[in-house]
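For the protein sequence lines, the chains are A and B, in the order given.
Everything in the first sequence is counted per our numbering, starting at 1 for the first residue and increasing by one.
Everything in the second sequence is counted per our numbering, starting at 1 for the first residue and increasing by one.
There may be inaccurate statements among the hints.
To be verified - From chain B, some residues computed to sit far from chain A (all C-beta separations above 10 Å):
| # | residue |
| --- | --- |
| 1 | Q26 |
| 2 | G31 |
| 3 | N34 |
| 4 | Y222 |
| 5 | P338 |
| 6 | G363 |
| 7 | T393 |
As the list claims (entries may be wrong) - Here are the computed distance ranges between Cβ atoms for each label pair:
| # | chain 1 | residue 1 | chain 2 | residue 2 | range |
| --- | --- | --- | --- | --- | --- |
| 8 | A | G206 | B | A66 | 49 to 57 Å |
| 9 | B | I30 | A | Q4 | 52 to 60 Å |
| 10 | B | S14 | A | Q4 | 53 to 61 Å |
| 11 | A | A66 | B | S85 | 26 to 34 Å |
| 12 | B | S85 | A | E33 | 53 to 61 Å |
If you are wondering where the hints come from, they were derived from the structure by calculation, not from laboratory data.
Note that the structure is predicted; figures quoted are calculated from it, not measured.
Don't be surprised by glycine CBs; every beta carbon is placed ideally from N, CA and C.
Protein chains: 2
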Amino acid sequence: MVSQQMYALGSNRSCIRDLFEYGLQQAALIGAENVYDYSIGNPSVPAPEAVGAAFAATIAQKNTVAVHSYTSATGINAVREAVSSDLNARFGTSLQPEHLFFTCGAAPALIAVLRALAVENAEFVAIAPFFPEYRPFVEGTGSKFVLVEADTATFQISTTALEAAITPNTQAVMVNTPNNPSGVVYTRETLEELAALLGKKSAQYGHPIYIIADEPYRELVYDGVEVPFIPTIYKDTIVCYSYSKSLSLPGERIGYICIGADVADSAQVMAAVAGASRVSGHVCAPSLQQLVVAQCATVRPDLTIYDQNRQTLYTALTGYGYECVYPKGAFYMLVKAPEGSGAAFSKRAMGKNLLLVPGDDFGIPEYVRICTCVSPEMIQRSLPAFEALAKETV
Amino acid sequence: MVSQQMYALGSNRSCIRDLFEYGLQQAALIGAENVYDYSIGNPSVPAPEAVGAAFAATIAQKNTVAVHSYTSATGINAVREAVSSDLNARFGTSLQPEHLFFTCGAAPALIAVLRALAVENAEFVAIAPFFPEYRPFVEGTGSKFVLVEADTATFQISTTALEAAITPNTQAVMVNTPNNPSGVVYTRETLEELAALLGKKSAQYGHPIYIIADEPYRELVYDGVEVPFIPTIYKDTIVCYSYSKSLSLPGERIGYICIGADVADSAQVMAAVAGASRVSGHVCAPSLQQLVVAQCATVRPDLTIYDQNRQTLYTALTGYGYECVYPKGAFYMLVKAPEGSGAAFSKRAMGKNLLLVPGDDFGIPEYVRICTCVSPEMIQRSLPAFEALAKETV
Chain A
1 MVSQQMYALG SNRSCIRDLF EYGLQQAALI GAENVYDYSI GNPSVPAPEA VGAAFAATIA
61 QKNTVAVHSY TSATGINAVR EAVSSDLNAR FGTSLQPEHL FFTCGAAPAL IAVLRALAVE
121 NAEFVAIAPF FPEYRPFVEG TGSKFVLVEA DTATFQISTT ALEAAITPNT QAVMVNTPNN
181 PSGVVYTRET LEELAALLGK KSAQYGHPIY IIADEPYREL VYDGVEVPFI PTIYKDTIVC
241 YSYSKSLSLP GERIGYICIG ADVADSAQVM AAVAGASRVS GHVCAPSLQQ LVVAQCATVR
301 PDLTIYDQNR QTLYTALTGY GYECVYPKGA FYMLVKAPEG SGAAFSKRAM GKNLLLVPGD
361 DFGIPEYVRI CTCVSPEMIQ RSLPAFEALA KETV
Chain B
1 MVSQQMYALG SNRSCIRDLF EYGLQQAALI GAENVYDYSI GNPSVPAPEA VGAAFAATIA
61 QKNTVAVHSY TSATGINAVR EAVSSDLNAR FGTSLQPEHL FFTCGAAPAL IAVLRALAVE
121 NAEFVAIAPF FPEYRPFVEG TGSKFVLVEA DTATFQISTT ALEAAITPNT QAVMVNTPNN
181 PSGVVYTRET LEELAALLGK KSAQYGHPIY IIADEPYREL VYDGVEVPFI PTIYKDTIVC
241 YSYSKSLSLP GERIGYICIG ADVADSAQVM AAVAGASRVS GHVCAPSLQQ LVVAQCATVR
301 PDLTIYDQNR QTLYTALTGY GYECVYPKGA FYMLVKAPEG SGAAFSKRAM GKNLLLVPGD
361 DFGIPEYVRI CTCVSPEMIQ RSLPAFEALA KETV
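Looking at chain A on its own, in the form it has when it is part of the complex (with noise of 0.2 Å):
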C-alpha cells in the first residue's frame, strides 16, 4: 500500500551512492588507506576562511531570534542584493533580488522549476553526458525525459542532434557546465550556436523554449578559461546555482535560482516557482546558510589543491596509456574503458579497491568518472593499481 513509483525511487538508489556506501564498507574492513574512491563529488577542500569567519560571527550574534526565524519563502531581501549585486558586477547583468529564490540547494532548485514548467505533455530535454538525477527529477514532475546523445569528439553541444530532439511539447533544454562528469566547459560559440537553435525552434513553435542552466560547477574552471553566464547569451535562461561547490558547503543546503526581467513570463514562471517549491516542503533556505553566503557574496574557491590533482592524475593515467578527457572545469574527469565498458572497467576496478563510477547513467556508457576533489595523497597510493588495470589483458 505505499506509491510503486517512489518506492522504486527509493529502494533503486544511485549507482554513485552504492559505490560510495561500498566504499565506506570496504574502508571498515580493509582500512581507509586502502581504498581508492574516486566515486562521490564531496569537495576535499575546506570551505574558504571567509566562510567559518561568517558563520561564526553570525552565531555570536546577540539576536539570535533574528538569526534562526523564519525567512520570507524567497530569501532574506538583504541576502539577495547582496548576491544579485555580485552577478551584476560581474555579468553586467540587471538582476534585482525579486529575481532570486533562494533553495536548499541545486536540487530542489532544479526541481521547481522542472514543475513550474511542467504543462501537460512537457519535454524536458537533457544532452549527454548528464548529472543522472535529472531523470528521475524530470519524470517525477510527471514530464517526458528526452535524452540528447553525446558528442563525444568534443563534448560540446551537437545542435543537429539537439534539434532533432526538440518538439512542439520542448519547455526546456537542461545545459550544465562546467559539466559533471565530463568537465568540459561549453565555449561561447556553443552556446550562442544554442541560443540561435532555441531561438528559431520558440518562434517555430510558438511559444519560448526555456534553457534550465544548472551551474554548480561555475566558479571551478581551470587555465582561465571563460565560463559565459548563459542570461547574457540567451534571455530565457532560468540558472539554478548552489554553494556546495564553490564553497565546499555540500551538506549545508544553499543555492538559488535565478529569473531576470528578461526571461519570458518571468513573473508568472516565478509564482509558479514558489507554487512549486511550497508543494515540495519548501518553506525557506537555511536562514544562517543564507547569512553566511550573502557575507560571502564575492569570495571565490582556492582552486589549487583540484587543479593540481586534475594535472597528475590526467599525466599519469594518460601515461598509463588511458583514453581521458582533460577538464577545464568542474573536480571530475572521464576515462575512456580499456574494454569499452565502462560498468565492467569499474568493476575490474573494484576488485583492485578502487571506485569509479560507470558512465552508463551519465549517458557515455564506454566511459567511467573519475573525482579529482580528493586528496593528493590518495591519488599517489592509487596509481600503481590504475597502472595494473592498463596492464590486465581484458
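Assemble chain B onto chain A, guided by the hints.
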C-alpha cells in the same frame, strides 16, 4: 506556458503570510510599536543557550570538511542515534537510528510521507481545526483531501464524524497535537478512541490506515498536561517532527520522520519516503543543523514567557467578554468572533492594526487565531485595541 496548478499555488499565498506581510508594511508606515501582529508562529523566545553553544562548538571544529559534507540522505548516523535514544528514554520505545529520516523541517517530512502513501485514489483525512498547508500538501500529491469538521465543544476528535469520513481509499489520518491553531492537546482517551476506530477500519478494509502525527509542538505544553507519544498507542503511526518551535529554529529547517519497526510495511514505507524525498529535491538535512540538534537531543524549551502570555491574554480577553479556547499546548489561542465570522472580525481588527488570522483556512470560520509567541510588551500595548473592539456594536 507555466503549470497553472503551480502558478495558482504560488500566487494565492496563505492568509497568514498575507497578514504578516501587511503587518510589515504597516510597521514601516506608522511604526512597529503601533502594529499588534498576532499572525505568524515565529517563536519569540531565543533558542536555548545550549543550542547557541552547540552551533559555536561545531563551527569551531578544525575539520570543517567533515562538518559541511554531504551526509547520508537519511541523516548522520550519530545524530539519529542521539535522537532515537532520547525518544526511547522518554517514551519507552525501541527506536533504532534506521527508523529516523532527517529532513529540512516538518513540511518536507509531511510531503514525503504523503507522497510515499499516495497510491491511486488515495485519500488523506484531516481533522479541523487543522494547519492550512495540509490541503495543498495532500492535493499536490494528486490525492483527495478529506476534512472532518471540528468538534467546537471540546476541540478533541469526534470519532463519529471521523468514522463517517473514512473510506476504503483512506491511507492515513493527519493528527496534530498539541494543535495548531487551537492549542488543545488530545487526551490519552481521545487517542485511544482514535486508535480503536482506525484498528477496526484497517481490519474492515484489509489494509493499514496510518496516523501521520505532525508534532512540532510536542514539547510546548503547560500545566503539566500529558502529550502521549502516539506510536505507543497506535502502532501504525508515522511521526513528523520539527525543531522549529521546540528549539526556536524555524528558519533553520531541521526535523525528522520516524517510522518504527512496528509500523505496517515499515521498510517499504521508509524506502518510499526516501524516493519521495529524492524527487522533492531532498539531498540531506543541513549537516550543521543535524550536528547541533544531536548535541541538544535532551534540551527542552523554557516555556515561561509563552505560558505567561497565554494567561495574560486569556484573562484579559475573557474579561472583555470574548469567548476563548484556553490552550494547554503550542502557542496559539482561538478567540470566537463576536459577530460570528472570523473573517469579518479579522477585518475589523485590522482597522485597529491588530492582526488576527481568520479561522476559515483552519476549518473553523467562526474563530480567529492569536499567536501567543509574541512579546509581553506587545500584548500590553494591544489590550486597549481588543477592549475597544469588544465594545463596538456589530
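Against the structure, the hints:
At roughly 17 Å from the closest C-beta of chain A, the C-beta of B/Q26 stays outside 10 Å, upholding its exclusion from the interface. The beta carbon of B/G31 sits about 19 Å from the closest Cβ of chain A, which is more than 10 Å, so the claim that it is off the interface holds. Listed as outside the interface, B/N34 is consistent with that label: its C-beta sits roughly 21 Å from the nearest C-beta of chain A, beyond the 10 Å cut-off. Consistency note on B/Y222: stated as away from chain A, and its beta-carbon is indeed over 10 Å from all of that chain's, at 21 Å minimum.
Interface exclusion of B/P338 from chain A stands, the closest Cβ pair being 31 Å apart, more than 10 Å. With a closest Cβ-Cβ approach of about 19 Å to chain A, B/G363 is found to remain outside the 10 Å limit, as its non-interface label requires. With 10 Å as the threshold on Cβ separation, the claim that B/T393 sits away from chain A holds: the shortest Cβ distance comes to roughly 38 Å. Between A/G206 and B/A66 the Cβ separation comes to about 52 Å, which falls inside the hinted range of 49 to 57 Å.
Checked against the hint of 52 to 60 Å, the pair B/I30 and A/Q4 passes, with Cβ atoms roughly 56 Å apart. Checking the proposed 53 to 61 Å range against B/S14 and A/Q4 shows it is violated: the Cβ atoms sit about 32 Å from each other. Roughly 32 Å separates the CB atoms of A/A66 and B/S85, a value that falls within the hinted 26 to 34 Å. Restraint check, B/S85 to A/E33: a C-beta distance of roughly 32 Å breaks the suggested window 53 to 61 Å.
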